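Residue numbers (this note's numbering), protein chains in the order written: chain F, 27 to 210; chain E, -12 to 413.
By construction, these hints were calculated from the structure, which means they are not laboratory data.
Note that the structure is a prediction, hence the values are computed from the model and not measured.
Please note that a few of the clues may not be correct.
One-sided and incomplete, this derived list gives chain E residues near chain F with beta-carbon spacing under 7 Å [unchecked claim]:
no.: 1; residue: ASP70
no.: 2; residue: SER82
no.: 3; residue: MET114
no.: 4; residue: GLY116
no.: 5; residue: GLU121
no.: 6; residue: PHE126
no.: 7; residue: THR185
no.: 8; residue: ARG213
no.: 9; residue: GLY217
no.: 10; residue: THR264
no.: 11; residue: GLY265
no.: 12; residue: GLN302
no.: 13; residue: GLN345
no.: 14; residue: ASP379
Where chain F lies over chain E, by a calculated footprint (3+ residues, C-beta under 8 Å) [as the list claims (entries may be wrong)]:
no.: 15; stretch: 170 to 183
no.: 16; stretch: 266 to 273
Cβ atoms here follow ideal geometry from the backbone N, Cα and C, with glycine treated the same way.
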Amino acid sequence: MRMRMILGMFLCLPATMGVAGDRVYQTPEAFVDEAFHGVPPAASALWLQPQLRTELGDILGHKPALRVRYWGAGSRTAWIFDEIGKTHPITTGVVVNTGAIEDIRVLVFRESRGWEVKHPFFTDQFHDVRLADNQKSDRHLLDRQIDGITGATFSVRSMKRVARAALFLHAHTQTSAGSLAQAR
Amino acid sequence: MRRTQFLLLLTLGLIMRSVGAAEVTLDEIWELLQAQQTQITALTEALARTTTRLDATTNELVENTRAAAITRQHVAATADYLDDIQTGGGDSKTSLGGYGELHYSRLDADDSARDLTEVDFHRFVMMFGHEFSERVRFFSEFEIEHSLVKDTDDGSNGGEVEIEQAFIEFDLNENHYARAGLFLLPVGILNETHEPPTFYGVERNDVENIIIPSTWWEAGVGTGGRYDNGLSWDFALHSGLAMPTSGSSAFRIRSGRQKVAHASANDLAYTLRVKYTGIPGVELSGSYQHQQDPSQLGNDGLDEGNLLSIHGIWQRGPLTLRALWAQWRFEGSAVAAADVDKQTGWYIEPSVKFRVAQNEWGIYTRYEDLDGARTRDRFEQWELGLNYWPSDNVVLKVDYRNREHAESIDGGRDFKAFDLGLGYHF
Chain F
27 MRMRMILGMF LCLPATMGVA GDRVYQTPEA FVDEAFHGVP PAASALWLQP QLRTELGDIL
87 GHKPALRVRY WGAGSRTAWI FDEIGKTHPI TTGVVVNTGA IEDIRVLVFR ESRGWEVKHP
147 FFTDQFHDVR LADNQKSDRH LLDRQIDGIT GATFSVRSMK RVARAALFLH AHTQTSAGSL
207 AQAR
Chain E
-12 MRRTQFLLLL TLGLIMRSVG AAEVTLDEIW ELLQAQQTQI TALTEALART TTRLDATTNE
48 LVENTRAAAI TRQHVAATAD YLDDIQTGGG DSKTSLGGYG ELHYSRLDAD DSARDLTEVD
108 FHRFVMMFGH EFSERVRFFS EFEIEHSLVK DTDDGSNGGE VEIEQAFIEF DLNENHYARA
168 GLFLLPVGIL NETHEPPTFY GVERNDVENI IIPSTWWEAG VGTGGRYDNG LSWDFALHSG
228 LAMPTSGSSA FRIRSGRQKV AHASANDLAY TLRVKYTGIP GVELSGSYQH QQDPSQLGND
288 GLDEGNLLSI HGIWQRGPLT LRALWAQWRF EGSAVAAADV DKQTGWYIEP SVKFRVAQNE
348 WGIYTRYEDL DGARTRDRFE QWELGLNYWP SDNVVLKVDY RNREHAESID GGRDFKAFDL
408 GLGYHF
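The following block holds chain E by itself, in its conformation from the complex:
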């Protein structure tokens, strides 16, 4: 090394002499080389230290990467746990739901003695369901009507506690089902779907109250099919009506509901429905029910009852039109003598929805025409109203009703009514 440096110095000296450069002594060149050597040594040592630090950093990075992966796993597991808590277990097979409606009505009748102003929590309903397996499930609906039930001798307190649905449904295959238990009959529009946010009017329409006695449930067995083309059918064999044949409610359909409470099963009934929903916004449906003896008693002049109901729903954009017609035909000497062997009702209801300030509103009008068993159940009614949905499952309603009876004897019952309603579903 020293020899090399000497030779280098000598060479530099000779070169500088030969080119006539300013004179630099060999000692100065030697000092310069030594200084550069010192720098090289220092840089070499610094590089070695940097390399060592880099190795350490690399190792740390590898460790941190591994730790980060573990942390991600822990975070994911924590998120799964918290999500499960929030959803009540995630895969819970039991469901809870309900709906309810509060009504305020002010009714001004032609006979002021029949005026009525009242507020009533008409329905408080809880629904429980459970999925036993992917193919077997339970549905139920438990209801309290009019807030309060008191145990009176004549049952005049007005409230009711009842089970409206409690059935097991089985999937037979992808398109067919069977059910057994207490279930809603497949008739009309409202009988199966009557949560307050789904219909207009504080009160349900009268055709599906008097002619089709909604809410109408029976006990029995049923089956049905649903197909890709939008066609479906439902058939049920079930307990029947027990219509009175005497008194103020003689031959009144609604009075025939037994509600599966120690219900007479002497005479069963069957119901068949065919429905088409293959075009979005369109529903066409027809139901037929037959009961051999709607009073459950023989030789009382009421021998056979047949219900035919058809309805159509058309919805396009904000416009909707509903129309329903239903008729009972009875056989028997007594029902014919009372001139109520044919009981008919129909209604038509156009409506339009619109948005105001990001919330949905709807305006509707409805015309009803009924010819029921009692004279008070024979009337025409016009109705106009508004629904406001502050949320999809909450509705505020207001409507005006004008009812005129067919027979003068009931003229005093003619009324104009103003109603307010609050409804919810969850």
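Same shape as in the complex, but just chain F:
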């Protein structure tokens, strides 16, 4: 009986894999398009000066790239990050508006566990989150607690790092041109 169950499950596998859909929940292009209501600006590149790169590295826990690509119009910016959860990168999109998170979304999820972070019941916690205004801390922490998910500890941490990074970088796109170099 059990061997028949095993055989049955294996035989059903190819048929079910033909159904549309996988862990690419939304393409980065579609995310940016939605963030700017169908009229996305051209991509910009925020070049990371040494100090900026150091601070961003402290947030992400690793040395970042030389520049970070983003899309910006007025007080709204959109960012796409690929940050490791437990063992695989999670592609996350973040929209920041006037210094607060407007939207955060898992675009591609590759882990075997921690899937909960893609759902609104988790990501809704990030709406209107800002960086804490703490003069004693240079760690750029969020201004509120984000409740975690036990089996998704590493995915949750990845999302929180991404949120911090997006808010941090957004602030630097809003400063004067003398403090950063941008190239389109």
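Using the hints provided, position chain E relative to the given structure of chain F.
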């Protein structure tokens, strides 16, 4: 031109006579006009030179602008190349990770012959993964326990080298998956998530060691679903336990793990889990496992085994509360005669996290109550401890344990222990 200048001079002379101005000679006026003409000529020539220079500068500016655009392209390409080097190729499909833990324990037992002071690198784990496509991926976990494995006749050296995970996972659609291979069973809290920075206590809790024999993996096939409302389910058909029915480990659940090493597959088992995580900070889960013959042998007085495990986790801000209950029920004359046909364990663990000097600390306490197969596995234990995370993925631990056994025969095993631990994950 000369006629014009003469007429102008004449006019000026007449005007000056008529208004009675101081007398200026025509020669003086002529000289003034010539000087002004010289200036005009010089200015005209200077303007022509300036215009020429401006044209040249404009051309240079256009060339520089074009060169700057090319330079920007080169810089961008260089940055892309350097970024790729830093990220190991950017789109690498293969991942590498790991975790490990070092323990120091000082155990003072009521029977001093059972005192123990030791240091042990309990686990060194490497995880490899690969993404074959967006829908098919590989996960694996390779572990060395207790630092060293020696080839002894009776296997008494204590170390282990083992594969804890090696499976392929397939995305069936956005909400469902299937997997095949060697994987961790969906039971309990720690069995699937046990990296040192994720739990309190130097050693894992005893309920999820003795009753749920974590880390517990089997070979088989599985499937499951995850939904927007936070509900999920997992079902697996897999190799089963091969519990001994005689000797000092008779009917001991942990001794039944075959670890997919030439494992008997005469009798398979299946596990079903339902979990709810639809509220941030809350997890409610229940697992059920059935195996028709947990010893893989017939007519030995152990006929059927059923595991039921439920747990809840509540987290709000810095506070967390975990509670788990698990029970095995066995059928069979021999297991009933040994009075171990029901083996139960539960624990409750409140904890609080706080920040000191920008780093995270946590204090916890845990109460466990176990009723296992062996008398030494029937005890109550209080535990109190502290975790310090200098980094998200590194933890230092200290704890104090107080264990009291249920039966007087094991009174000598009662102990108080002090433990230190170092753990990491990457």
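Here is how each hint holds up against the structure:
no., hint, result
1, ASP70, "holds, 4 Å"
2, SER82, "holds, 5 Å"
3, MET114, "holds, 6 Å"
4, GLY116, "holds, 5 Å"
5, GLU121, "holds, 5 Å"
6, PHE126, "holds, 5 Å"
7, THR185, "holds, 5 Å"
8, ARG213, "holds, 5 Å"
9, GLY217, "holds, 5 Å"
10, THR264, "holds, 5 Å"
11, GLY265, "holds, 5 Å"
12, GLN302, "holds, 6 Å"
13, GLN345, "holds, 6 Å"
14, ASP379, "holds, 6 Å"
15, 170 to 183, "holds (count 4)"
16, 266 to 273, "holds (count 4)"
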